[in-house]
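Chemist: Next come the chains, spelled out residue by residue.
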Amino acid sequence: MSTKINRRDFLRLAGTTGAALIVLGAKTAASAQASVTKESKHRWAMVIDQAKCTGCGDCTLACRASNDVAKGKEWNVVLQDKPVGGKPVYLPRPCMHCEHPPCAEVCPVGATYKRDDGIVMMDYNKCIGCRYCEVACPYGARVFNWEENTQPNDAVPQWGTPEIVRRPRGVPEKCSFCYQRIDRGLEQGLTPGVDRRATPACVVACPAGARIFGDLNDPESNVSKWLKANDHHRLRADLGTEPRVYYLAKRS
Amino acid sequence: MTKNNFTLVDVLRHWLMYPIWMLGLAITILIGLAAGIAVLVKGLSLTGLTDNIPWGLWITLDLSSIAISAGAFSLSAAVYILGIKSLRPVARVAVFVGLIGYSMALLALLLDIGRPDRFWHAMVYWNTHSVLWEVTMCVALYFSVLLVEFAPLIGEAAWMQKISPRLATMMAKLHHAAPLLAVAGLGLSLLHQSSLGAMYGIIKARPIWFKPDMSILFIISAVAAGQAITVFACMVVGKLRGRTLVDRSLIDGVARFIGFTVLGYLYLRFWDFLSMNYTNVPGRGESLSVMTSGSLQWNFWIGEIILGAAIPAGLLLWARTRDDDRFVMLATALIVMGVVIYRSDTNLSGLIMTIAYTDALSPTLVTYTPTWIEWATTFGVVAYGLMAFTLGVRYLPVFTAAHHEDEIEGVKELTPSAMTA
Numbered sequence: 008m009s010t011k012i013n014r015r016d017f018l019r020l021a022g023t024t025g026a027a028l029i030v031l032g033a034k035t036a037a038s039a040q041a042s043v044t045k046e047s048k049h050r051w052a053m054v055i056d057q058a059k060c061t062g063c064g065d066c067t068l069a070c071r072a073s074n075d076v077a078k079g080k081e082w083n084v085v086l087q088d089k090p091v092g093g094k095p096v097y098l099p100r101p102c103m104h105c106e107h108p109p110c111a112e113v114c115p116v117g118a119t120y121k122r123d124d125g126i127v128m129m130d131y132n133k134c135i136g137c138r139y140c141e142v143a144c145p146y147g148a149r150v151f152n153w154e155e156n157t158q159p160n161d162a163v164p165q166w167g168t169p170e171i172v173r174r175p176r177g178v179p180e181k182c183s184f185c186y187q188r189i190d191r192g193l194e195q196g197l198t199p200g201v202d203r204r205a206t207p208a209c210v211v212a213c214p215a216g217a218r219i220f221g222d223l224n225d226p227e228s229n230v231s232k233w234l235k236a237n238d239h240h241r242l243r244a245d246l247g248t249e250p251r252v253y254y255l256a257k258r259s
Numbered sequence: 012m013t014k015n016n017f018t019l020v021d022v023l024r025h026w027l028m029y030p031i032w033m034l035g036l037a038i039t040i041l042i043g044l045a046a047g048i049a050v051l052v053k054g055l056s057l058t059g060l061t062d063n064i065p066w067g068l069w070i071t072l073d074l075s076s077i078a079i080s081a082g083a084f085s086l087s088a089a090v091y092i093l094g095i096k097s098l099r100p101v102a103r104v105a106v107f108v109g110l111i112g113y114s115m116a117l118l119a120l121l122l123d124i125g126r127p128d129r130f131w132h133a134m135v136y137w138n139t140h141s142v143l144w145e146v147t148m149c150v151a152l153y154f155s156v157l158l159v160e161f162a163p164l165i166g167e168a169a170w171m172q173k174i175s176p177r178l179a180t181m182m183a184k185l186h187h188a189a190p191l192l193a194v195a196g197l198g199l200s201l202l203h204q205s206s207l208g209a210m211y212g213i214i215k216a217r218p219i220w221f222k223p224d225m226s227i228l229f230i231i232s233a234v235a236a237g238q239a240i241t242v243f244a245c246m247v248v249g250k251l252r253g254r255t256l257v258d259r260s261l262i263d264g265v266a267r268f269i270g271f272t273v274l275g276y277l278y279l280r281f282w283d284f285l286s287m288n289y290t291n292v293p294g295r296g297e298s299l300s301v302m303t304s305g306s307l308q309w310n311f312w313i314g315e316i317i318l319g320a321a322i323p324a325g326l327l328l329w330a331r332t333r334d335d336d337r338f339v340m341l342a343t344a345l346i347v348m349g350v351v352i353y354r355s356d357t358n359l360s361g362l363i364m365t366i367a368y369t370d371a372l373s374p375t376l377v378t379y380t381p382t383w384i385e386w387a388t389t390f391g392v393v394a395y396g397l398m399a400f401t402l403g404v405r406y407l408p409v410f411t412a413a414h415h416e417d418e419i420e421g422v423k424e425l426t427p428s429a430m431t432a
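Chains V and H are the protein sequences, given in the same order. Heads up: the first sequence begins at 8 in our numbering, then just goes up one per residue. Heads up: the second sequence begins at 12 in our numbering, then just goes up one per residue.
Among these hints, one or two may not hold up.
[To be verified] In silico lysine-lysine, DSS-like type, Cα no more than 25 Å apart, as pairs:
1. H/53 <-> V/133
2. V/235 <-> V/48
3. V/121 <-> H/215
4. H/53 <-> V/80
5. V/133 <-> V/94
Bear in mind the hints are in silico, worked out from the structure with no lab data behind them.
Please build the complete structure, drawing on both the sequences and the hints.
Modeler: Structure follows, in structure tokens:
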């Protein structure tokens, strides 16, 4: 084999390689656009009415029990929002399940991915624990398992029983819209958002009825009706992430 | 110094310095190794990292190790693609430094990821949309390129020829692939050295990072740091051996090129910084003020800009200081330091302010202090790099390249000054 290569050959090779890379890059970008328009049967969404939320935190406890979340590593937090008319306002914050999830885009191994129904999932067996998703999430929705969770779950059994396995040390975790309840419910012919057993634990647990859940593809679903009837907003709409969690603002 | 009349300095220099140096490195490596094993056993709870600042000292070590390795691809490209054949001795040193740098980065990564047992996942599970996936693939491929580029150094070593003459000859023959490897290295490095910046640049959630020039700033600063550490290494080894190992006119040419590169970097950085001041993006102003007048101000003004870029650029561009070995060594060391601080500041400035995703939350300053475990492992990895370099210089022909005139055809012999002209 002759390994003698002159300069023109290098430049040609370098040019060809470069062109191939540009084509590859363009194709990747194009496929990223294509995935947006993909049709799916369901499009799950959550609506949170800040006017109704009393900040009791039951949602956090139900989430902790159902998803076996460690205390202080909450998937669903309730924050203090700006007071309206001198009265406190609360902001419950689960994962936003973005239409364009930055976490899923950056994950090097595809451990975080978006399902066709819009749920942003974590494959805890694939994750290498690089924490890029945590850096990229604009909503602070992710918590990392810096150490193994060996504590008993203090929300069990009062607030529910764990429905999924505990995550190992070294991976980040986050809210999944209780996909396990949705998937199992659909198998049993139930309607998520209507039947309690097929609805996210936080929605079921809310004593004030501040949360509703349902299918945006179904115009008769509660979420579709609520969003049609009320002014609503999403967190950091300017980022273009298009969350699937909608908020109804506190009216003064 | 007169013959047969050794002074204390001579004794130190000729007999004691090497063992003391190696002993110091060995101890640092052992402490780092113990700390590293502790991290693998006990996990990342041993670090000062939090959910607010999930990337810290190790990511700085990682980014810096890769940045200082950029001399390998840029100088190899200069030799085999631009045809500045005379630079080959410098490129050879740069390739060796690069190999060590990338291995340091891999060690740092292994510590940093939460599941080191799954380090191979990026090879198997591809998310082609992820910049980090692309970086991982490029680093893996380029590390392989560096290994092949490095093979002739082992093949040419006398001890290798004694152990297995056939294998040694085979390894030495790999130098024929050098031009091809230079093309591959250039492509792979242009990709991942830039995308390491883009890794930050595409993060919309962190407004101080979110800008298109992150990739450009990263690759330019990496080329400066990579060539600077190569020049520094050539000169330090030359001083210790008491003889010139790399022709001074070569050093001069590369030093001048580094000076212009740093100047270009400063120019881009100035407009980058200035334009950011005019965009009132929530969180960006807060992060900027941390750098200009807050907790990172010393790092930024002194470490990055004045000592890390402006002064060394001047020292390398002014002929009078560039002629003085001491100033060239000082300037190149300062540039490496400046780029390391730049990497650290980049990482911290984005994470140090919490994200405000609703009106009630204003960006607040959070802090990160590396634990002694993080420092010990970091020093351990650096000591490993220094020891590998020391051993390489001693037992491999890093500075005594064999002449392979058949390597490349049609390459003109150019003077180093032609490179910057």
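Chemist: None of the hints should be skipped; say for each whether it holds.
Modeler: Taking the hints in turn, this is what the structure says about them:
1. Taking the CA atoms of residue 53 of chain H and residue 133 of chain V, the gap is near 21 Å; set against the 25 Å cutoff, the hint holds.
2. Simply put, residue 235 of chain V and residue 48 of chain V have alpha-carbon atoms about 20 Å apart, close enough for the 25 Å limit, and the pair holds.
3. The hinted pair formed by residue 121 of chain V and residue 215 of chain H meets the criterion: a straight-line CA distance of about 19 Å does not exceed 25 Å.
4. For the given pair, residue 53 of chain H sits about 19 Å from residue 80 of chain V by alpha-carbon distance, which is consistent with the 25 Å threshold.
5. Proximity of residue 133 of chain V to residue 94 of chain V is assessed by CA-CA distance (about 45 Å); at most 25 Å being required, the pair is judged violated.
Checked against the numbered hints above, the structure violates only hint 5.
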